[in-house]
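Trainee: For reference, the chains in residue letters:
There are 2 protein chains.
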Amino acid sequence: MKQISVGIAGLGTVAQGVLELLAANRDLIRQRSGVEVNVVRVASRRAKPEVDLLGADFSTNVMDLLSDQRVDVVVELIGGERLAKELIVGATAAGKAVVTANKAVIALHGNDLSQQHLRYEAAVAGAIPIIQALQKGLVGNRFSGLSGIINGTCNYMLSAMEDEGVGFDDILQRAQALGYAEADPTFDVDGIDAAHKLTILMALAFGTGFEFPKVYIEGIRAITPVDIGYAAELGYRIKHLGILRNTAVGIEARVHPALVLQSELVANVNGVLNAVQVVSDAAGKPLFSGPGAGGAATASAVVADIVAWAEGAATSATTTSAVPVLSIEQVSSSYYLRIPSRNEPGVFAEVAQILSSYDISIDAVIQKDGHEQGDLVDIVLLTQEILEARMNQAATELQALASVTGEVMRIRVAPQD
Amino acid sequence: MKQISVGIAGLGTVAQGVLELLAANRDLIRQRSGVEVNVVRVASRRAKPEVDLLGADFSTNVMDLLSDQRVDVVVELIGGERLAKELIVGATAAGKAVVTANKAVIALHGNDLSQQHLRYEAAVAGAIPIIQALQKGLVGNRFSGLSGIINGTCNYMLSAMEDEGVGFDDILQRAQALGYAEADPTFDVDGIDAAHKLTILMALAFGTGFEFPKVYIEGIRAITPVDIGYAAELGYRIKHLGILRNTAVGIEARVHPALVLQSELVANVNGVLNAVQVVSDAAGKPLFSGPGAGGAATASAVVADIVAWAEGAATSATTTSAVPVLSIEQVSSSYYLRIPSRNEPGVFAEVAQILSSYDISIDAVIQKDGHEQGDLVDIVLLTQEILEARMNQAATELQALASVTGEVMRIRVAPQD
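If you read the sequences in order, they're chains A and B.
Residue 325 in the working numbering sits at position 261 of the first sequence, and the numbers go up by one each step.
Residue 450 in the working numbering sits at position 386 of the second sequence, and the numbers go up by one each step.
Source of the hints: derived by calculation from the structure; they are not laboratory data.
Check the hints yourself; a few may be wrong.
[What the hints assert, rightly or not] Here are the in silico distance ranges between beta carbons for each label pair:
1. A:428 / B:145: 50 to 56 Å
2. A:286 / B:428: 38 to 44 Å
3. A:229 / B:426: 30 to 36 Å
4. A:428 / B:111: 52 to 58 Å
5. A:175 / B:175: 45 to 51 Å
6. B:428 / A:313: 37 to 43 Å
7. B:241 / A:176: 55 to 61 Å
8. A:248 / B:119: 57 to 63 Å
9. B:421 / A:94: 48 to 54 Å
10. A:94 / B:388: 20 to 26 Å
11. B:111 / A:175: 47 to 53 Å
12. A:439 / B:448: 51 to 57 Å
13. A:100 / B:159: 26 to 32 Å
14. B:428 / A:94: 44 to 50 Å
[Said to hold, decoys possible] 27 Å max Cα-Cα, derived DSSO-like pairs, lysine-lysine:
15. B:149 / B:278
16. B:66 / A:66
17. B:149 / B:112
18. B:112 / B:160
19. B:66 / B:160
20. B:160 / A:66
Keep in mind that this is a model prediction, so the values were computed, not measured.
For every residue, glycine included, the Cβ atom is placed at its ideal position computed from N, Cα and C.
So here's chain A without its partners, still in its complex pose (with noise of 0.2 Å):
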């Protein structure tokens, strides 16, 4: 029998969780894995008495974890940035490992931070053991890209809007109302959480470091049921992604509303499930699904992890490659554009016209009364891959056409492969 002693950094949701999952599951782990996990202390700065400590001791400063001489590993809960990362560091320079589901800590201060003594499956599509995936059971393979639902607030909300043909705001309202958005949504629906997530994958599958800003950021506020209907209408869903692509020049990291096709079992993960698909060599595009956020899911690759350190299994080296990320400028895509414009002859033609200049080819066309008067119209349009710096000079000429009456609306298509 193996023995872990822990001690746990926060009393939250997830803290919780896992003094849950221990408690109830504690035989099962041993039988499984021949672990015996035991909290020996848990440090908070509010006691709350109605949690069972599992006999653990007590502290309220987080940093007595770190001179328990008991403690193997530090589960840090707390989330944060600045305290979080001296506790991570404090523990490694203690010889301690560390447990951790703070996504920002690892995005943000990764390169920092000693990569042999951190576990972070928490941190990264919550119950989905994605990171052990990645650098375990895909070992053998060489990933060409990456593509996931990784925020389930977003998904939640793009699938809401779909299902009910309402706007953002309303929905908003209700998922907050739900608990599954904040009272500042900020994090979620302007997409740096996903950004967050993308930066770790990205650091894990491409050996890149732990970039954040070079990650191309774009939540969901801009997306209309209008915009969904018409997307509908051509085969596809939008779903909020991060994607990760490895091509000739550079890899691209940007998280942003994307339409998918209907067909691909990414556009079926619905409400606030999260996936990951990965695109590999040997393996093809193997995709994991489940419940990305929540007390029990998280405590769940919580407990992976204190349990992978009791099994001694080997972290994995994010290797350093000195291949570039590039800018969303760089970026090539297929669009969705949707331009509100006069119903007046000439219009269409003068659009094609443009995007012609510009070598941008269509793929399909819906012209439709627009949703707002009845002498307007919607045209809608899927261009062929083009890059996205180019799309811009095109876009800037076509808010300029004097019969368009709206903002031009973007959204760039997932890509294929």
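Mind docking chain B on chain A? Use the hints.
Mentor: Frame of chain A; chain B shown alone:
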């Protein structure tokens, strides 16, 4: 740098895939894991001069791998049962570790093999690291069920039957032409291959040991495009599933066609892909999908297992639980029933009367002109959950009705939990 020396038994598609993957991605594997995989001997009855053995010695007798002192890990890729078992037993007796892709040998002889010397990720669902997920990533979870598309041939055939409205025999011919089905398709289409895999999943998820004879097995030969069409009208797809459920009275272990709600992610896994969905207490219902067969995909799992040996990763105990495995008569399901009948007044009343007499409630009904003749109808029903033994009795009475003109078709509905 950890060195590991490998001896490969077999030189078929998977073995060639392993050699190719090691040749292509050796540097990447070394960077990620710090492991250098050296193939020192390949053994196969027939040499294949066109295959690059990466400098390994060649033997025509697979038992030579046991006497080669350099070999740390024997990779068993010869398939079959007798010789494969002999090789595995010999290798573990010689203190060597084993990696195998051979589901039959594990499912049928797993209880006789030394589990702590054995890895077999490639034996279930090819490229999908499902064994690793059950044993490591989800180690903290109590599983209440599992359901999976674990035979790509069946899934390809059912998907094609749905897409094209074509019958079993036509699609089987095409699957054979495409290499998705063997000349003798029995193993796949009669569910035996899926039952091998389910046996392994049951041992890992529920600690039952390897109890292949206790798995209920039914293939897809009886499924018709007519049933696929009615199922679609009712909101379902027909998938060939392996199902495990941990109930109050024992474990259900069954392989059969099943109706799956179209909105479920697993219903949208089409073509030759596999998928396994686990029902767990903490991690919810994670789903893992990907290619279930093919040289490269299977090689991906084999290479992961080799690297795991090199890293000294723990194997997990398959604990022996005292929980009984239920017979199919002890299983409760909802059922799809198609009752070919004369188009006469009172027939439906007779059917309803019989079901009612067995306390079988009806959830949905379609009555359609039969697909054969105008004076026939198909009475199509979905029932509520009922014990199989009881449904058997009701079905016997239904079949005996004078107004029933053909065989009553019964397909179980997949559990909703």
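Trainee: Does each hint fit the structure? Answer for all of them.
Mentor: Each hint, compared with the structure:
1. A:428 / B:145: 50 to 56 Å: The hint (50 to 56 Å, Cβ to Cβ) holds, given that residue 428 of chain A and residue 145 of chain B are roughly 54 Å apart.
2. A:286 / B:428: 38 to 44 Å: Holds, since residue 286 of chain A and residue 428 of chain B (Cβ atoms, about 41 Å apart) stay within the stated range.
3. A:229 / B:426: 30 to 36 Å: For residue 229 of chain A and residue 426 of chain B the Cβ distance comes to about 34 Å; the hint holds.
4. A:428 / B:111: 52 to 58 Å: holds, 54 Å
5. A:175 / B:175: 45 to 51 Å: holds, 49 Å
6. B:428 / A:313: 37 to 43 Å: Once the Cβ atoms are compared, 55 Å apart, the range 37 to 43 Å for residue 313 of chain A and residue 428 of chain B is violated.
7. B:241 / A:176: 55 to 61 Å: holds, 57 Å
8. A:248 / B:119: 57 to 63 Å: holds, 60 Å
9. B:421 / A:94: 48 to 54 Å: Between residue 421 of chain B and residue 94 of chain A, where Cβ atoms are some 50 Å apart, the hint holds.
10. A:94 / B:388: 20 to 26 Å: holds, 23 Å
11. B:111 / A:175: 47 to 53 Å: At 50 Å between Cβs, range holds.
12. A:439 / B:448: 51 to 57 Å: holds, 55 Å
13. A:100 / B:159: 26 to 32 Å: holds, 28 Å
14. B:428 / A:94: 44 to 50 Å: At roughly 46 Å between Cβ atoms, residue 94 of chain A and residue 428 of chain B fall inside 44 to 50 Å, so the hint holds.
15. B:149 / B:278: Holds: residue 149 of chain B and residue 278 of chain B sit about 21 Å apart, inside 27 Å.
16. B:66 / A:66: Roughly 24 Å between the alpha carbons, so the hint for residue 66 of chain B and residue 66 of chain A holds.
17. B:149 / B:112: Holds, at about 24 Å.
18. B:112 / B:160: Holds - the C-alpha atoms of residue 160 of chain B and residue 112 of chain B are around 26 Å apart, at most 27 Å.
19. B:66 / B:160: holds, 16 Å
20. B:160 / A:66: holds, 24 Å
Consistency with the previously given hints fails for number 6 only.
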